[in-house]
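Generate the whole structure from the sequences, applying the supplied hints.
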Amino acid sequence: MAINREFLPIKAHFFFSLGGWAPVLSFIPLIIKDLGFSATATGIINTIVPVACMMVKPLVGTIADKFKIHKHLMIFLILSTATIMMSLRLVSPLPMQSKVDLVCESNSSHVIIETSKAQDECFLRSLWSSMDNKGLECQFIAEHHQGEFIDALGHNDTVNSDDYLSEVRQNTPTRVNLGKGKKQDANTIVVQVETLAKNFRVWNNPSCEGSAKMTGSLHCPNPLLHSIVNEVRIPDQEIVRYDQFWYTLLIVLGVRVFGSCCENLADSICFKLLRNPHDYGLQRMWGAAGWGLTSAVSGYLVDRMSEGKATIDRSIAYYLSVVLLVIDAVVCLTCLKVKDDSPEKKTANIWSNVGKLLRKNPKFLVFLALVTSCGIFSSLLWNFLFW
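Just so you know, UniProt numbering puts 350 at position 350 of the sequence shown, and the rest follows in order with no gaps.
Hints should not be assumed to be uniformly reliable.
[Claimed, not checked] Heads up, simulated BS3-like pairs for lysine-lysine below, C-alpha to C-alpha not over 30 Å straight-line:
| # | residue 1 | residue 2 |
| --- | --- | --- |
| 1 | Lys-356 | Lys-68 |
| 2 | Lys-99 | Lys-182 |
| 3 | Lys-360 | Lys-57 |
| 4 | Lys-57 | Lys-337 |
| 5 | Lys-33 | Lys-117 |
| 6 | Lys-99 | Lys-33 |
| 7 | Lys-182 | Lys-213 |
| 8 | Lys-99 | Lys-117 |
| 9 | Lys-71 | Lys-99 |
| 10 | Lys-68 | Lys-309 |
| 11 | Lys-272 | Lys-360 |
| 12 | Lys-360 | Lys-66 |
| 13 | Lys-66 | Lys-272 |
| 14 | Lys-99 | Lys-213 |
| 15 | Lys-180 | Lys-99 |
| 16 | Lys-363 | Lys-57 |
| 17 | Lys-183 | Lys-33 |
| 18 | Lys-68 | Lys-272 |
| 19 | Lys-66 | Lys-356 |
| 20 | Lys-66 | Lys-337 |
| 21 | Lys-117 | Lys-180 |
| 22 | Lys-33 | Lys-180 |
| 23 | Lys-66 | Lys-339 |
| 24 | Lys-33 | Lys-57 |
| 25 | Lys-68 | Lys-57 |
| 26 | Lys-180 | Lys-309 |
| 27 | Lys-57 | Lys-272 |
| 28 | Lys-360 | Lys-182 |
| 29 | Lys-309 | Lys-99 |
| 30 | Lys-71 | Lys-339 |
| 31 | Lys-213 | Lys-117 |
| 32 | Lys-339 | Lys-272 |
I should point out that these hints are in silico values taken from the structure, not numbers from a laboratory.
Structure below.
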């Protein structure tokens, strides 16, 4: 098969543009979830975005047609999208509640965690599987003085000097090795403490004379456990009071709107270049290749970069997006040739022509209904498949 070099720049654009969007756009629902937003808040954001796209796309298309700046406007949108994507890294998570109880009783010690996911059997199976036979080591930081708790543990310790007990009572982090867990009730899970260590002193299978409890924060290098230890407890009706909601909405809005407008301009440029419109798919397929390839690569890199960390580190995905989009802008600026001087029949009122098309072409109405249905059902998958 002969390769038409004239179409290589548009193929490269589709590959690098969709490849550049994929590392971030593919995972935006998960990024929003990582920030602490509920499914309701995510649904609100993703309801506003397509409405804004519908309003902005005709305006951008009109500007490009009027001033014949399709290529330069597209390059501006590419670089703007890259900049806005990077700003998503700066949004801080919503305030989280991270209090747990470390309880010591006569025959065992355990951590009590209150979580809304205690009723999610699928999540619990994943959590127990991730902790199985791994001796998960965490840090517990108490809110208040730990003297009474340490005194209760003292009968397990071979060192009972006043100097040592004074030192160990200080409010320094306590290392705990967690073992098996179970669901206690609809809102609580309990995880067994196999080992407790403080100031180089270790208690195996710690137990207490009587009962003792400390309240504090638990820090573990397990993303699933971290997600329930640090939960957002903000009611959906109050989410609009937080700056993080508005920052996230504006950033996602910018990325989606600029990206979709850029995609439309690219399609317009592609059709201007093609002698046979039926060859469009041969160009657009390179966008699918770029999207699929970089989605897989960025997902793998994010997993590798996040190993041993309590939270998912997506930095590499943002950097990969920016690099690919900058390459795309350079390719478009230097290699993409657009003929904007072709004679066109001007229309006095584009909306009247659209109305005539809807009235006179029933097939178009069927096509419009199918596209709308596909959009509705696809949005559920795209936004909540991995929720």
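Against the structure, the hints:
With a C-alpha separation of about 27 Å, the suggested pair Lys-356 and Lys-68 falls inside the 30 Å cut-off, and the hint holds. About 18 Å separates the Cα atoms of Lys-99 and Lys-182, which keeps this hinted pair within 30 Å; it holds. At most 30 Å may separate the alpha-carbon atoms for a hinted pair to count; Lys-360 and Lys-57 meet this at roughly 24 Å. Pair hint Lys-57 plus Lys-337 holds up; C-alpha atoms about 23 Å apart against a cutoff of 30 Å.
Straight-line distance between C-alpha atoms of Lys-33 and Lys-117 comes to about 14 Å, which keeps the hinted pair within the 30 Å bound. For the given pair, Lys-99 sits about 20 Å from Lys-33 by alpha-carbon distance, which is consistent with the 30 Å threshold. The straight-line distance between the Cα atoms of Lys-182 and Lys-213 is roughly 19 Å, inside the 30 Å bound, and the hint therefore holds. Under the criterion of a C-alpha separation no larger than 30 Å, the hint pairing Lys-99 with Lys-117 is consistent with the structure, at around 16 Å.
Using a Cα cut-off of 30 Å, the hinted pair Lys-71 and Lys-99 is violated, with the two alpha carbons roughly 54 Å apart. Between Lys-68 and Lys-309 the alpha-carbon distance is near 50 Å, which puts this suggested pair outside the 30 Å criterion. Among the hinted pairs, Lys-272 with Lys-360 is consistent with the structure: their alpha-carbon atoms are about 27 Å apart, no more than 30 Å. The hinted pair formed by Lys-360 and Lys-66 meets the criterion: a straight-line CA distance of about 28 Å does not exceed 30 Å.
As the CA atoms of Lys-66 and Lys-272 are separated by approximately 16 Å, the hinted pair is consistent with the 30 Å bound. Among the hinted pairs, Lys-99 with Lys-213 is consistent with the structure: their alpha-carbon atoms are about 13 Å apart, no more than 30 Å. Between Lys-180 and Lys-99 the alpha-carbon distance is near 20 Å, which keeps this suggested pair within the 30 Å criterion. Taking the CA atoms of Lys-363 and Lys-57, the gap is about 24 Å. The hint holds against a cut of 30 Å.
Taking the CA atoms of Lys-183 and Lys-33, the gap is near 24 Å; set against the 30 Å cutoff, the hint holds. Simply put, Lys-68 and Lys-272 have alpha-carbon atoms about 12 Å apart, close enough for the 30 Å limit, and the pair holds. Between the alpha carbons of Lys-66 and Lys-356 the distance comes to roughly 23 Å, so the proposed pair stays at or under 30 Å and holds. This hinted pair checks out: Lys-66 and Lys-337 have alpha carbons roughly 18 Å apart, not beyond 30 Å.
The hinted pair formed by Lys-117 and Lys-180 meets the criterion: a straight-line CA distance of about 17 Å does not exceed 30 Å. For the hint linking Lys-33 to Lys-180, the alpha-carbon distance of about 27 Å falls within 30 Å, and the restraint holds. For the proposed pair Lys-66 and Lys-339, the alpha carbon gap of about 14 Å is at most 30 Å, so the pair holds. At roughly 28 Å between alpha-carbon atoms, Lys-33 and Lys-57 fall within 30 Å of each other, so this suggested pair holds.
Annotation: proposed proximity of Lys-68 to Lys-57 holds, straight-line Cα distance about 16 Å (limit 30 Å). Note on Lys-180 and Lys-309: the hinted pairing holds, with a Cα-Cα distance of about 21 Å set against a maximum of 30 Å. Taking the CA atoms of Lys-57 and Lys-272, the gap is about 19 Å. The hint holds against a cut of 30 Å. A distance of roughly 65 Å separates the Cα atoms of Lys-360 and Lys-182; the hinted pair therefore is violated under the 30 Å criterion.
Of the pairs offered as hints, the one joining Lys-309 and Lys-99 holds, with about 20 Å between alpha carbons and a cut-off of 30 Å not exceeded. With a C-alpha separation of about 10 Å, the suggested pair Lys-71 and Lys-339 falls inside the 30 Å cut-off, and the hint holds. With a C-alpha separation of about 23 Å, the suggested pair Lys-213 and Lys-117 falls inside the 30 Å cut-off, and the hint holds. For the proposed pair Lys-339 and Lys-272, the alpha carbon gap of about 7 Å is at most 30 Å, so the pair holds.
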